[in-house]
Amino acid sequence: DGGITQSPKYLFRKEGQNVTLSCEQNLNHDAMYWYRQDPGQGLRLIYYSQIVNDFQKGDIAEGYSVSREKKESFPLTVTSAQKNPTAFYLCASRHRDRARNTEAFFGQGTRLTVV
Amino acid sequence: AQTVTQSQPEMSVQEAETVTLSCTYDTSESDYYLFWYKQPPSRQMILVIRQEAYKQQNATENRFSVNFQKAAKSFSLKISDSQLGDAAMYFCAYRSVTSGTYKYIFGTGTRLKVLA
Chain S
1 DGGITQSPKY
11 LFRKEGQNVT
21 LSCEQNLNHD
31 AMYWYRQDPG
41 QGLRLIYYSQ
51 IVNDFQKGDI
61 AEGYSVSREK
71 KESFPLTVTS
81 AQKNPTAFYL
91 CASRHRDRAR
101 NTEAFFGQGT
111 RLTVV
Chain C
1001 AQTVTQSQPE
1011 MSVQEAETVT
1021 LSCTYDTSES
1031 DYYLFWYKQP
1041 PSRQMILVIR
1051 QEAYKQQNAT
1061 ENRFSVNFQK
1071 AAKSFSLKIS
1081 DSQLGDAAMY
1091 FCAYRSVTSG
1101 TYKYIFGTGT
1111 RLKVLA
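Protein sequences, first through last, are from chains S and C.
For the first sequence, this note's numbering begins at 1 and goes up steadily by one.
For the second sequence, this note's numbering begins at 1001 and goes up steadily by one.
Honestly, the hints are just simulated from the structure, not real lab data.
Quick reminder that beta carbons are idealized off the backbone N, C-alpha and C, glycines included.
Among these hints, one or two may not hold up.
To be verified - When the alpha-carbon atoms are kept at most 27 Å apart in a straight line, the in silico BS3-like pairs for lysine-lysine are as follows:
hint	chain 1	residue 1	chain 2	residue 2
1	C	K1103	S	K57
2	C	K1113	S	K9
3	S	K70	S	K57
4	S	K71	S	K14
5	C	K1103	S	K83
6	C	K1103	C	K1055
7	C	K1103	S	K9
8	C	K1078	C	K1103
9	C	K1055	C	K1070
10	C	K1078	C	K1055
11	S	K57	S	K83
12	S	K71	S	K9
13	S	K14	S	K57
14	C	K1103	S	K71
15	C	K1103	C	K1073
16	C	K1103	S	K70
17	S	K57	S	K9
18	C	K1078	C	K1113
Said to hold, decoys possible - Not close to chain S: a few residues of chain C, all C-beta gaps over 10 Å, as computed:
hint	residue
19	E1017
20	S1030
21	M1045
22	Q1057
23	N1067
24	K1070
25	S1080
26	L1084
27	D1086
Produce the entire structure from the sequences given, and follow the hints as far as they go.
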């Protein structure tokens, strides 16, 4: 079945450590997104990528980094520079072609907790 | 910049009754998409309904329908014959078409409780 897979589902990190969240899709989607969800704040865009080897900062990119070396993969690294990393992280993807008129498809998320 | 506002943090509805969730947005663009997503306790985001701004007809999907008022920049979701499984967080989202960035901008969500 096609879909978006985020791993791990739960992740614990010590302060000062970098950690990478995985996002893989087999939907042949061009665009991929990372969102952060905090209670009462909805989903906020961290980074997005519309094609391989290209990505743009979203609204809250500070303390995060991404790469897009393959169409299927868009990993997110939470660096030690991110001051408040504990949150729920959602990855999404969609076709770029407007004629397809597709919505964003989401993974099941990763809950990151700094201990 | 575009913004999406959901002014109802929480709503309750009796099973089998109808409820309307509100959403307003701000944009200077004329062509865009609007969406309602549902996030149940599993936290999986599920598309409920979409609306294309250039279509005047309101979208419907079974028990879900929208009231799209483009001039007022309003996009409310009506859930008819509410069921216990409708209990979830509901997010309104905007996506630009003309800007080329194709970012999705989400509201802060409305938590819907369904009372048996």
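How the hints compare with the structure:
no., hint, in the structure
1, K1103(C) with K57(S), "holds (11 Å)"
2, K1113(C) with K9(S), "holds (26 Å)"
3, K70(S) with K57(S), "holds (18 Å)"
4, K71(S) with K14(S), "violated (31 Å)"
5, K1103(C) with K83(S), "holds (25 Å)"
6, K1103(C) with K1055(C), "holds (20 Å)"
7, K1103(C) with K9(S), "holds (25 Å)"
8, K1078(C) with K1103(C), "holds (25 Å)"
9, K1055(C) with K1070(C), "holds (10 Å)"
10, K1078(C) with K1055(C), "holds (18 Å)"
11, K57(S) with K83(S), "holds (18 Å)"
12, K71(S) with K9(S), "holds (22 Å)"
13, K14(S) with K57(S), "holds (25 Å)"
14, K1103(C) with K71(S), "holds (18 Å)"
15, K1103(C) with K1073(C), "holds (18 Å)"
16, K1103(C) with K70(S), "holds (20 Å)"
17, K57(S) with K9(S), "holds (24 Å)"
18, K1078(C) with K1113(C), "holds (14 Å)"
19, E1017, "holds (26 Å)"
20, S1030, "holds (15 Å)"
21, M1045, "violated (4 Å)"
22, Q1057, "holds (15 Å)"
23, N1067, "holds (19 Å)"
24, K1070, "holds (18 Å)"
25, S1080, "holds (22 Å)"
26, L1084, "holds (22 Å)"
27, D1086, "holds (19 Å)"
Hints 4, 21, counting from the list given before, are not met by this structure.
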